[in-house]
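Residue numbers (the working numbering), protein chains in the order written: chain A, 1 to 260; chain B, 1 to 347.
Everything labelled a hint here was simulated from the structure, so no lab data went into it. None of the values given here were measured: they were computed from a predicted structure. Hints are not guaranteed to be accurate.
[Unchecked claim] Selected chain B positions facing chain A (Cβ under 7 Å, derived; list incomplete): (1) T79; (2) L149; (3) I160; (4) E211; (5) K214; (6) V250; (7) K267; (8) D270; (9) D319; (10) G324.
[As the list claims (entries may be wrong)] Okay, derived cross-link-like pairs now, DSS-like style, lysine-lysine, Cα gap no bigger than 27 Å in a straight line: (11) K147(A) x K80(A); (12) K94(B) x K190(B); (13) K94(B) x K257(A); (14) K226(B) x K253(A); (15) K311(B) x K257(A); (16) K238(A) x K311(B); (17) K238(A) x K242(B).
The C-beta atom is built at its ideal place from N, Cα and C for all residues, glycine as well.
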Amino acid sequence: MKIVVCIKQVPDTKGGVKFNPDGTLDRGAMLTIMNPDDKAGLEAALRLKDEFGAEVTVVTMGLPKAEDVLREALAMGADKAILVTDRVLGGADTWATSTTLAGAIRNLEYDLIITGRQAIDGDTAQVGPQISEHLGIPVISYAQNIKIDGDSVIVERQYDDRYHVLKAKMPCLITALAELNEPRYMTPGGIFDACKADITVWGRADLKDVDDSNLGLKGSPTQIAKASDKVRKGAGEKVTLDASESVDYIIDKLKVKHVI
Amino acid sequence: MNIEEYKGVFVFAQQVDNELSGIALELIGKGKDLAKDLGTEVTAVLVGSDVKGLADELAAYGADKVILVDDPELKEYRTEPYAHALASVIEKYKPEIMLVGATAIGRDLGPRVSARVHTGLTADCTQLEIGDFPINPIPGKEQLHNQLLMTRPAFGGNTIATIACPAFRPQMATVRPGVMQKLPKNEGAKAVIEEFNPGFTPDNKYVEILEVVKSVVDTVDIMDAKILVSGGRGVGSPENFKLLDDLAEVLGATVSCSRAVVDAGWKSKDLQVGQTGKTVRPNVYFAIGISGAIQHLAGMEESDLIIAINKDETAPIFDVADYGLVGDLNKILPALTEKLKTELAAK
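Let the sequences and hints guide you as you build the complete structure.
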């Protein structure tokens, strides 16, 4: 079995967020991690590898330094890593990103493609389903459990008040939830090997069946009109009182606000 | 793509088990605002099996027109037949705006459809308005009017971005549930109903549903609650949520929780407030033992009144609380519940 896992290097959103003058993100200036949902997707692929002997290829699109996240994936146990990077791919929205990744994946053999549900920087949850559409294969989003059954996958698909147990013929794309599993740590041997491993680097010319007009900032239907830091409403009163004073305090406030 | 051909505001009228989701009505409410600014109408796209009976409810909440796609293949939500239904509606009727709820359904359907019809999609919007793009004139660049400006939080709520989709139609957005207001119900209002079936032929993209497993807990919708008593990891144990249940009962409130509580298995996912849970804005939000990670704040900071109780005076929840009490919830809550009982009984 061949599994492709799409991963993204994301800024750690707990740190500060920085912008370029044009309102796009200054990714170069921020600390980065492997996106948590993607890491769960990678772990799911590695568990299938442990069980069935799959070959796991990780793919990322990003700046050259996104190589770091590929080496982390190799150290966890992925077999091959592909970095898709090119100046003309910069500033891509989800449409252009999914078009690019689909163009890269068309060069690969796959039974299963796994992506994270969403990345913690954009939170859009769009790129996985859009890749599946470009490739003409089924998608199962929000996976909380993945099993293989012959030439099919059986997946628990999470909704707000229920889950569906879905069966799809491979090839199929699955988007993984972070709660799917507890990702493994890199092994010392894995880290050693990953440092020396070759990473395949693809540029625009390596993308298959993709039109220039659908790539990068120019190929992005959505455009940023304005971006800014969130202005929070600010703190109100903070008091330290004993329990009975606290109770009186809260009841007084509820009365003033006509709640009671 | 001839943009001039695209007219009208369309909303995806999500239904589950043949009951309309709240978001369907919220989108109609917001759609009316946008349609008014554009001098056009709101059309609800109703997709399902035996769902025609829901059209009147859509009309009562403001839909001018309902496009009904009714087919046995559409009984339960599945990506492919629903994407085919909505994409076919878009191709035939050419709306300028297509709104979808940012639910577990809409966040799967929206991207699949936007990729199929080749347009942009802005995720999880919290504000929509009609305006100019670029917002301020830029020399040498044409300023377009009557554009949908879609505002959304990103970076875990750290930033706000406003997005436009100037060169493609429809302008598509998924919209966070609980943010837009539905209109008052106008009983007896009627909408034009148009039935449309693009044909459904199962292919490799149709997945099979083996089982539907519904959550066994009572489904209270925390988004409808006027008062929420919300607990975090600081509550200490699932048993200790009894203190919150007691307070909620006295106030006629609903209990909700933070992500940590769901991750620990103390409460079910449908009670979770925050970025990966639900957005709430009750009249009063009690944050009990919730530290206030930014992802949590993103889901509740629009509440009218926020009262926080936490023993850690540096907890970020105090940065958004109107009234913050540094103290022990195990002492404060029981005493508060008792005193409230007395107060309310005296009325």
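Evaluated hints:
no.: 1; hint: T79; verdict: 6 Å, holds
no.: 2; hint: L149; verdict: 6 Å, holds
no.: 3; hint: I160; verdict: 5 Å, holds
no.: 4; hint: E211; verdict: 4 Å, holds
no.: 5; hint: K214; verdict: 4 Å, holds
no.: 6; hint: V250; verdict: 10 Å, violated
no.: 7; hint: K267; verdict: 14 Å, violated
no.: 8; hint: D270; verdict: 5 Å, holds
no.: 9; hint: D319; verdict: 5 Å, holds
no.: 10; hint: G324; verdict: 4 Å, holds
no.: 11; hint: K147(A) x K80(A); verdict: 23 Å, holds
no.: 12; hint: K94(B) x K190(B); verdict: 23 Å, holds
no.: 13; hint: K94(B) x K257(A); verdict: 48 Å, violated
no.: 14; hint: K226(B) x K253(A); verdict: 16 Å, holds
no.: 15; hint: K311(B) x K257(A); verdict: 25 Å, holds
no.: 16; hint: K238(A) x K311(B); verdict: 12 Å, holds
no.: 17; hint: K238(A) x K242(B); verdict: 26 Å, holds
Hints 6, 7, 13, counting from the list given before, are not met by this structure.
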